[in-house]
Amino acid sequence: MIRINNLVATYTTVRGTVTAVDQVNIEIPEGITLGIAGESGCGKTTLLKVLYGDVGFPLAIRGGAVEYGMVGDQNEEITTQNIQKYWFRRIAYIPQGSMSSLNPVVRIRSQFLDYLRTGGEQKRKLEEAREYVKSLGLPPEVLDAYPHQLSGGMRQRVMVAMASFLNPDIILADEPTTALDVVVQKGILLLLMDLQEKMKSTILFVSHDMGVHYQIAHKMFIMYAAKGLEYGNSEEVFSHPLHPYTRLLIDSLPAIGDTNLRRGVSGHPPSLWDTLVGCRFADRCPYATNECRTHEPILREVRPGHFAACHFSERFL
Amino acid sequence: MTVIVLKTEHLNKVYSLGSLFRRVKIHALDDVNLEVMSDQPVIISLVGESGSGKTTLAKVLLRVVQPNSGGAIVYDRVVAGNGALVDRSAFLKTVQPIFQNPFEAFSSYRPVDAYLETTAMRINGFSRAESVEMVREALSAVGLKYADVHGKYPNQFSGGELQRVSVARALIPRPKIIIADEPVSMIDASMRMNVVNLFLSLKNDYKTSFLYITHDLATAYYISDYVAVMYRGCIVEFGLAKDVLASPLHPYTRLLLDSIPSVRVKWDRSRYAHSDLETKEFQFVGCKFYNRCPLAQEVCAHQRPPAVLKENGRNVYCHFA
Numbered sequence: 001m002i003r004i005n006n007l008v009a010t011y012t013t014v015r016g017t018v019t020a021v022d023q024v025n026i027e028i029p030e031g032i033t034l035g036i037a038g039e040s041g042c043g044k045t046t047l048l049k050v051l052y053g054d055v056g057f058p059l060a061i062r063g064g065a066v067e068y069g070m071v072g073d074q075n076e077e078i079t080t081q082n083i084q085k086y087w088f089r090r091i092a093y094i095p096q097g098s099m100s101s102l103n104p105v106v107r108i109r110s111q112f113l114d115y116l117r118t119g120g121e122q123k124r125k126l127e128e129a130r131e132y133v134k135s136l137g138l139p140p141e142v143l144d145a146y147p148h149q150l151s152g153g154m155r156q157r158v159m160v161a162m163a164s165f166l167n168p169d170i171i172l173a174d175e176p177t178t179a180l181d182v183v184v185q186k187g188i189l190l191l192l193m194d195l196q197e198k199m200k201s202t203i204l205f206v207s208h209d210m211g212v213h214y215q216i217a218h219k220m221f222i223m224y225a226a227k228g229l230e231y232g233n234s235e236e237v238f239s240h241p242l243h244p245y246t247r248l249l250i251d252s253l254p255a256i257g258d259t260n261l262r263r264g265v266s267g268h269p270p271s272l273w274d275t276l277v278g279c280r281f282a283d284r285c286p287y288a289t290n291e292c293r294t295h296e297p298i299l300r301e302v303r304p305g306h307f308a309a310c311h312f313s314e315r316f317l
Numbered sequence: 001m002t003v004i005v006l007k008t009e010h011l012n013k014v015y016s017l018g019s020l021f022r023r024v025k026i027h028a029l030d031d032v033n034l035e036v037m038s039d040q041p042v043i044i045s046l047v048g049e050s051g052s053g054k055t056t057l058a059k060v061l062l063r064v065v066q067p068n069s070g071g072a073i074v075y076d077r078v079v080a081g082n083g084a085l086v087d088r089s090a091f092l093k094t095v096q097p098i099f100q101n102p103f104e105a106f107s108s109y110r111p112v113d114a115y116l117e118t119t120a121m122r123i124n125g126f127s128r129a130e131s132v133e134m135v136r137e138a139l140s141a142v143g144l145k146y147a148d149v150h151g152k153y154p155n156q157f158s159g160g161e162l163q164r165v166s167v168a169r170a171l172i173p174r175p176k177i178i179i180a181d182e183p184v185s186m187i188d189a190s191m192r193m194n195v196v197n198l199f200l201s202l203k204n205d206y207k208t209s210f211l212y213i214t215h216d217l218a219t220a221y222y223i224s225d226y227v228a229v230m231y232r233g234c235i236v237e238f239g240l241a242k243d244v245l246a247s248p249l250h251p252y253t254r255l256l257l258d259s260i261p262s263v264r265v266k267w268d269r270s271r272y273a274h275s276d277l278e279t280k281e282f283q284f285v286g287c288k289f290y291n292r293c294p295l296a297q298e299v300c301a302h303q304r305p306p307a308v309l310k311e312n313g314r315n316v317y318c319h320f321a
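Chains as they are written, first to last, in our numbering: chain A, 1 to 317; chain B, 1 to 321.
If you're looking for bench data, these hints aren't it; they were derived computationally from the structure. All of these numbers come straight from a predicted model, not from anything done at the bench. Check each hint, because a few of them may be wrong.
Within a straight-line C-alpha distance of at most 30 angstroms, the following computed BS3-like cross-link-like pairs (lysine-lysine) qualify [claimed, not checked]: (1) A/K200 to A/K49; (2) B/K280 to A/K123; (3) A/K134 to B/K25; (4) A/K198 to B/K266; (5) B/K93 to B/K7.
Given the sequences, and given the hints that come with them, work out the whole structure.
Dropping the structure here:
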């Protein structure tokens, strides 16, 4: 179980500090896929960075902590401060831009085995890597290629293979399919789903596409302007969303066979530089009242296991 | 009056990859034949996965890339191949582009309205005062106010807003057709529909046609009149959008439709064929899709499938259509 307790993470800039993750408070059970959704700039990526322990200037943790519920090699508790030692072995990260993550002048196979020092071991591990890549349905020739010789989808599948090769407990995936087309996207998502079932890892999957979340996520966490707005089992969140923002996100998607006029969510999120009072979604919310503009709703359990941060969630029950 | 909105004849474009000794030829466009005639403005969608040649086709129409053979006609003007139009400003008044990433399309060191003004002055030949008026009108057509845009730099806009500005820029020369290369793929899902709805309203109000290049079939279905599906440089299916996307005949179109992540139906996870290395697939002699096709037979590996003509001028390139 990963427990995120009142986490506050800020960026320090020349204009001052800006809070990118503001009092996020959730418990993630082991061995599930958690979908994290929200618009650009809502703090999804910052949350993942903190979980990965990649915290350094300008990013800083100003409050709260992450409990991973894992013990390390010396029986010590793993925290955000020492998790760097366990990168790839216990926690792995799949970034968004695979082209900018792979070294363009080094063959895939050397990048795959970067963590090994001795040559003899490399030879043996290379065979293992070849087998592993084949088991994921990738052509084994990809290991001998340079990144630019592969298409974006193939590179992203290589990234997934690299991240999962050492069988980590937690995989963090930051919009791994955003720049890819639907067919390739489906391939990568199915790969992640199979891996998750086989290895029983916990996958934290960030995307702004609700359709993707519906396919892959067991639990959903919706973020908006640095705050968590809704958290619950994916079926419930999709069938009975308790927050108007979630509702709008789901309804904004068009579908084949349906040409009714559809609207995107109008307006844009508040700037995190401003002093924000009340509900941060109030300006775009069709149900907003005066109470919403003055009192900030907190994430509370509206139904068993289903949390929402809205004063009026009961009306959606 | 019926005009040729878009026509390509045996369009071919070959790129070479690799070193001098191990050269691989990639047919980015492999005998592409398309024809759309209409008296009304139309939205044509070009769909397919990455590496299917969509962008190369757009570049040929924008005269950025010279085809190896074949020709293309847009609104009765030859834009590529033999007899291609030489008058640049007449060309720019016919075809205008919108690119995928608006943050890369505009320089971050120049206010965005400067681009709009220069477009009006250079292509339309307006004076500065006239062009400001033109810019104001184009911006209001995309739902933005001149005062909100004037003097601002790209980093002061959200992706959706900046993409609207680039639509406004493309509108200024009053083109017959706008070629939009993946205009919404960089924009948040929640904002996408705003840009897509804008295309629909411009088609009705400004009588502008669109070539909408995308891999998002749901929005393609939502706005387009015609749709062409491409795979590895070949057109595999072409016809009225409602026909093609509601009852796909080519197995690749079916695969595309099955891959849409819907919020209503979960995927059937048992049937999915991963693609092989693209360079290999481009070398196939027969149907380029045969290694992933559920219907594939011996003939598919050796023989290029011919165009099978169906009702409403629909073309399907499959042996078993």
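(message) Hint by hint, where does the structure go against what was stated? Just the numbers, ascending.
(response) Nothing - there is no hint that the structure violates, so all of them hold.
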